[in-house]
Every structure is written in structure tokens, then in C-alpha cells.
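**Q** Below, each chain spelled out in residue letters.
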Amino acid sequence: MNKLEDAIISLLASHEVMDEGQYPKSITSFTVPRDRFIDAARALKKADARLVAEWATDERNFGKGFGIYTCYNKDTEYLIVRAYAPLEDPTFPSLTKKFVSAWRFERQMKSLMGVIPVGHPDQRPWIKHEDWPEDAYPLRKDFDPSCPMPRVHGEYQWIRAEGEGVHEIAVGPVHAGIIEPGHFRFQAVGEDVLNLEERLGYVHKGIEKRFEALSWDEGARLAGRVSGDTTVAHALAYCRAIEAMTSFNVPERGLWLRALMLERERIANHIGDIGAISNDASFAFLYYQFMRLKEGFLRTNLNFFGHRFMMDRVVLGGVAVNINADGINEIYSELDRFEKEFERLVIIYDESPSLEDRVRDAGILKPEMAKDLGVVGFVARASGQRLDCRIQSAFPPYDRIVTKMTVLNSGDVHARAWVRIEEIRDSVNLIREMLRTLPLGEVKTSFKTPSPDVSGFSTVEGWRGEIVYWVQSGPKGEINRCMVRDPSSVCWIAVEQAIHGNIVPDFPLCNKSFNQSYSGHDL
Amino acid sequence: MIKSVSLGSAYFRKYVSIIEVFMLRILHQIFRTGIVTEPLPIEVEAGIEIVGQRLEETIRKRFHRSLNIRAVDAGSCNGCELEIHALNNPIYNCERFGIHFTASPRFADMLLVTGPVSRNMEIALKRTYEATPPPKLVVAVGDCGFNGGIFGKSYASLGGIGEVIPVNAFIPGCPPKPVDLLQGILRVIEI
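Line order of the protein sequences matches chains A and B.
The first sequence finishes on residue 523 if you use the numbering used here, and the numbering steps up by one all the way, no holes.
The second sequence finishes on residue 714 if you use the numbering used here, and the numbering steps up by one all the way, no holes.
Note that these hints are calculated values from the structure, not bench results.
Remember, it's a predicted structure, so these values are computed and weren't measured experimentally.
Quick reminder that beta carbons are idealized off the backbone N, C-alpha and C, glycines included.
Warning: the hint list may mix true and false statements.
Taking lysine-lysine pairs in the DSS-like style, the calculated list, with each CA pair at most 25 angstroms apart, reads [said to hold, decoys possible]:
1) B/K676 with B/K649
2) A/K404 with A/K448
3) A/K97 with A/K46
4) A/K209 with B/K659
5) A/K98 with A/K3
6) B/K584 with A/K141
Which residues of chain A face chain B? A partial, calculated answer using Cβ under 8 angstroms [to be verified]:
7) G201
8) R292
9) V402
10) K404
11) T406
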């Protein structure tokens with residue numbers, strides 16, 4: 001059952017013990033000496049673990065050094081392994097050669113915390129652009145976030161391709177559409193893409209550092225703005241991490257309403273995406289039809305939850321909104337209307353030869369590649385990976401109202417669209433079931449803030465996939481560190497891989513089928 | 524020879540019938556949907572009546588009946604982008620007012636900027652502003668566009684749009700609803 005735990009225990013034998021006390025109920029954790037860090041990774045890789053996240057903390061205020069944390073997952077088991085690096089020698093062995101997903105995590109740790117991954121094949125900064133002062137490490141405790149940083153001269157080393165007919169296309173950060181900023185650099189021969197290199201970080205707003213200046217309650221508002229389209233799921237993941245720290249029990253009706261909002265968010269975003277994919281394949285009819293349906297959902301949200309995207313509705317201790325019988329009836333009838341319309345449109349999507357011609361076999365992410373990269377969410381499920389937090393770490397009501405997981409193997413644009421279609425169908429059923437079993441009672445109870453030096457961990461399946469929060473309280477019971485891992489942190493790299501062998505004009509379509517968040521990635 | 528022709532036409536007939544059914548489904552859906560574009564809500568409608576003739580005249584004179592907007596995300600959480608997108612959905616259908624979103628700042632009359640301005644977007648925002656030909660209007664969208672919102676001012680966030688480029692008007696909200704955006708845009712061009 002606990003394969004990862006067994007792997008670690010058999011590796012470390014007498015050396016170490018499990019961390020206790022610091023993680024009430026939420027997750028198993030081990031501290032290992034720095035020189036065994038890589039051994040732990042090797043053992044876990046052998047046990048078929050997936051690297052969920054890797055991050056660093058500054059625990060000098062606890063009289064320790066820098067904490068190097070890794071989180072692994074296999075099936076329903078999540079596990080944290082940490083090591084410490086002293087201030088005089090802030091280094092740790094790089095895991096990138098074991099787990100590809102560590103590649104950007106470690107570049108980011110080096111850039112923002114100044115801990116150096118020894119043996120990392122790519123020492124270029126990430127998020128930290130070339131004009132930052134080199135010694136600016138914002139996540140360190142002695143960094144003053146209120147001081148503006150001077151601009152220095154620097155240059156980013158791009159990956160280059162050379163040869164006859166090879167040319168380079170640079171796109172962004174300001175794009176042609178109404179989308180977030182990021183830079184893409186294509187090396188191409190004619191229309192064929194040889195390589196795509198992403199460069200992100202343009203919307204880095206210092207979110208992780210900002211958490212440390214906020215109260216626990218305000219933190220939920222900020223979490224709801226990590227990525228605006230995923231506001232419910234992020235706020236929920238934040239609240240669940242903190243509720244885990246205090247072993248707080250949210251009233252049942254609150255739990256149900258949280259899940260209800262989470263599924264509504266999933267449906268609204270998935271509809272929008274299917275429309276946008278159709279639009280990028282020049283099928284504007286479906287775009288407008290799906291956008292019409294999406295607008296309907298947003299309006300119902302406004303009527304019954306008080307906000308079109310349900311921002312700030314998930315709060316510590318429960319939810320900030322209740323629903324009455326009228327609301328319940330209206331949601332039922334909305335789902336009935338929606339379902340009929342949606343199914344008609346799905347038939348048109350499915351039968352359109354011009355659409356099929358574009359979406360099939362475009363932007364393929366092979367299952368082996370998906371596994372290597374450690375992608376999550378619909379991207380993973382469209383490439384043969386059985387991953388869904390609603391099943392892997394099912395919290396109420398998902399332990400009673402079971403999600404149907406759709407997994408496809410083709411990994412192309414069509415698969416990513418079709419997984420969304422199936423998930424919309426499933427979410428409609430989930431919402432009906434939630435409304436049918438909606439418990440009575442309070443939606444929120446008063447919340448006690450965490451005591452000093454505890455940590456909480458949570459995962460929530462947002463519409464993009466697994467969202468991970470790890471929160472640690474400081475010596476005075478404040479937020480010491482809040483680690484956010486949006487699905488985009490691991491899925492962006494898959495876009496680079498999926499575009500190989502495609503033509504430049506298909507990039508918008510491929511990119512849209514992933515639709516990763518820039519803000520959620522850059523933080 | 525004859526055989527192959529008849530085979531071909533059978534194939535052709537089958538193909539045509541598939542296309543027909545497909546097109547009929549689309550047409551059926553279009554007629555069933557009807558026109559969903561809404562008249563503006565009463566408060567906006569009233570606003571337009573007050574501005575009335577003058578507004579239309581302004582757009583005709585200043586913008587040749589069409590106002591070209593370039594949207595720039597200078598660091599937002601993407602919430603505002605969702606609502607700007609919604610302006611183009613068939614329900615708000617902003618094109619009916621002559622509002623077009625353009626792909627380049629060089630064709631733009633107005634920049635619709637969201638954010639707090641992140642440090643990493645400061646230069647790109649300034650360049651976009653410079654690339655927009657004068658006379659130009661800048662509208663800052665959202666609470667973050669006003670003063671940085673919950674992100675505040677920090678090493679990574681410079682605060683509101685006005686910290687970096689001149690702003691003609693602010694549209695508050697987190698995020699502002701599509702109707703608020705329309706109202707805000709109409710108010711700005713009327714100034």
C-alpha cells in the first residue's frame with residue numbers, strides 16, 4: 001500500500017526516522033542527510049514514483065539552514081523528502097537526471113532562493129530575467145520585498161539551431177490575441193518546427209513572497225488570484241493545506257458547496273477551451289456556440305454565488321456563500337438545458353471533417369514522454385496517465401461521489417479536447433449527485449489559526465489538473481512559506497515537446513489544446 | 524468506363540449526403556439558437572441615451588466608426604482577460620458598437636491594459652505604448668491595474684498601470700464584468 005514509504009524506510013534503515021508532529025495527518029514526511037538526498041530520489045524512482053514538486057525554504061529563523069523539499073506520488077500515496085543545506089554551502093544534488101520535471105523546479109530554486117543544484121545540466125536562471133541583480137534572492141528571509149530592484153545588464157543564452165534554411169521565429173511576450181504574456185522561440189526549416197524554446201516569467205508578481213506578508217485569511221484571497229481562471233481550485237487548495245495544519249473539520253455542507261463550485265469551474269473552463277480549440281482550427285461556429293454556453297454558466301454563478309468566477313467564495317473554515325432551494329432548482333434545470341445543447345454541439349464537433357483534419361495527430365505528447373515529464377491533469381489523461389486528485393487523494397464529498405476518469409492514449413489535440421468533453425459530462429453528473437446529497441447545516445465555522453512551526457499539504461484537482469500547496473507557519477505563527485505548484489509548472493514543458501514535427505501554423509492550435517496558465521506558472 | 528463512372532457518382536452521392544446532414548445540423552443549431560445578442564442593460568442603455576448623438580458623432584469623427592483596441596496583459600492573474608474575452612462572445616458582441624480588438628498596437632486607438640505591471644513586463648509595456656500611434660487612449664482594467672490590488676508594490680510588481688505609462692481612465696473591479704468594461708470604454712471615448 002505505502003510503496004514509497006517502504007522504499008524510503010528500507011533505503012535509510014537505521015539512519016533516519018519519520019518526521020512527526022509537524023504534519024498532522026496530512027502527509028508522510030522524511031528528513032534525510034543531504035548526501036542521501038539523491039539516494040532517496042533513486043529509490044523512489046525505482047518504486048515508480050512521480051516527482052510532484054521540488055522547492056526550497058529559508059528556515060534560518062528556526063535555527064536551521066535552507067530546506068530542500070521534494071514531494072513524490074504514486075497512486076494514492078504522497079510523500080515528502082527533505083534535506084537541509086547550510087547557509088555557508090547552499091547546495092544540493094540535482095535530481096534533474098532522475099526526474100525531468102526537476103529541471104525547471106531546480107532552476108527556479110536557484111534563481112529565487114539561491115540554493116544551487118549541483119550537477120544540473122542547465123544553470124540558466126528561470127523566472128529571474130537577465131536584468132535582475134544576480135544576488136537578488138527574493139524568497140530568502142533577509143530579502144526586503146518592498147525595495148525595487150535595479151536593472152542590470154545581462155543576456156539570456158538561447159538554444160540555437162544552425163544550418164541551411166534554418167530560421168528563427170521569436171514571438172511575444174505581447175501576443176496577437178487577448179492572452180497572457182510569454183515568449184516563444186521557434187527554430188524552423190520552412191514551416192517545420194525543429195525546436196521550440198519557451199521563456200516565461202513575464203507575469204512573475206512575487207506571489208510566494210507576498211503570502212509571507214499576508215494574514216491567513218488574506219492568503220485565501222491571494223491564492224484565488226494565482227490564476228484567475230482557476231480561482232476556486234487554488235483557494236480551495238490553500239484552505240485545505242491550512243485546515244490540515246490545524247486538523248480543522250469543515251462543516252459538511254461547506255465541503256459539498258466547495259466541490260460544487262470546483263465542478264462548475266471545471267465545466268465553464270472546459271467549454272471555453274473546446275470552443276477556443278475549434279476557433280483555432282477555423283471553426284468559428286462552434287466557438288461562438290460554446291462561448292454562449294459558458295456565459296450561461298458564469299451568469300448562474302453570479303446569481304447564486306455572487307461572482308461570475310466565484311472568487312473569494314472558498315474561505316478558511318468553509319465557504320462564504322450558501323445556496324437556497326431556488327438556487328438548487330435553478331442549477332438542476334440549467335444542467336438539463338445545458339446537457340441537451342452540449343450534446344448537440346458535441347455531435348457537430350465529432351462529425352466535422354475539417355476540424356478532424358486539424359485536431360487529429362497534431363501536437364502529439366506520447367504516453368512515455370508524458371510519464372517522463374510528470375505532467376498532470378487532462379494533459380496527462382489524454383496521454384495515457386491515470387492521474388486525478390479527486391481519486392488519488394479524495395476528500396469529501398469525492399470519497400462518496402466518485403469521479404469517472406477518462407484516459408486516452410493518442411495524446412493529440414483531439415485527445416485533449418475529448419478528455420475535456422468526457423469530463424464535462426462527468427462533472428454534470430457529479431453536480432447533480434452533490435445537489436441530491438447536499439447536507440444541511442452550517443457552511444462555515446470559525447477558524448483557529450495555526451500554531452508556530454507546523455506544515456500543511458494539500459492537493460486539489462483543478463480543471464487543469466493537480467494543484468499542490470505546501471504551507472509552513474513561522475516561529476510567531478505567521479505564514480513562513482507558501483509553496484504553490486500549479487499544473488502549469490509541470491505541463492508547460494510538455495508544449496515544447498508536443499510541437500516537435502508539427503508546422504509553425506499549428507502552434508496556436510497545439511498550445512490552445514494545452515491552455516496552460518502563465519500566471520500560475522510564473523507566480 | 525461506365526462502371527467506374529457510376530461507382531464514382533454513388534460515392535459522390537454518399538459524400539454529399541454526409542455533408543448535407545452535417546451542414547443541416549449546423550444550420551439547425553443556428554436557427555434554434557436565434558440571435559442571443561442582448562440589448563445593453565438598462566443602466567448602460569440610459570447612459571448611451573444621455574450621450575446619444577454625441578457619442579456616435581465622436582466615434583465617427585475620431586475613430587471612423589471603429590474603435591481599435593489592443594489588449595495588453597502587463598502581469599494580471601488572467602481574470603480580467605476572461606472578461607475581456609467575453610466582450611467578443613455573441614451575447615455582448617462588442618463589434619456591434621464598432622469595437623474591434625486588433626493584433627498589433629500599431630493599428631490601435633486604445634490600449635486596454637490589465638495587471639499590476641510586473642517588473643518583467645515593464646519594458647514590453649512601455650514598448651507597446653510607444654508603438655501605438657498618437658493620439659492614443661490608455662485604459663487600465665481591474666483593481667490591480669489601478670494600484671496593484673492584492674499584489675501591491677514589491678520587487679516583482681510595480682503596482683498600477685499608471686506607474687509605468689500615462690493612463691486616461693480606470694475600470695475598477697476584480698475582475699470588472701463585461702458590462703462594466705463596455706461602460707468604461709464608452710465613457711473614455713466620450714471624454
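**Q** Take the hints in turn and mark each one as holding or not.
**A** Going through the hints against the structure:
no. : hint               : result
1   : B/K676 with B/K649 : holds, 18 angstroms
2   : A/K404 with A/K448 : violated, 35 angstroms
3   : A/K97 with A/K46   : holds, 14 angstroms
4   : A/K209 with B/K659 : violated, 36 angstroms
5   : A/K98 with A/K3    : holds, 18 angstroms
6   : B/K584 with A/K141 : violated, 57 angstroms
7   : G201               : holds, 6 angstroms
8   : R292               : holds, 6 angstroms
9   : V402               : violated, 30 angstroms
10  : K404               : violated, 27 angstroms
11  : T406               : violated, 24 angstroms
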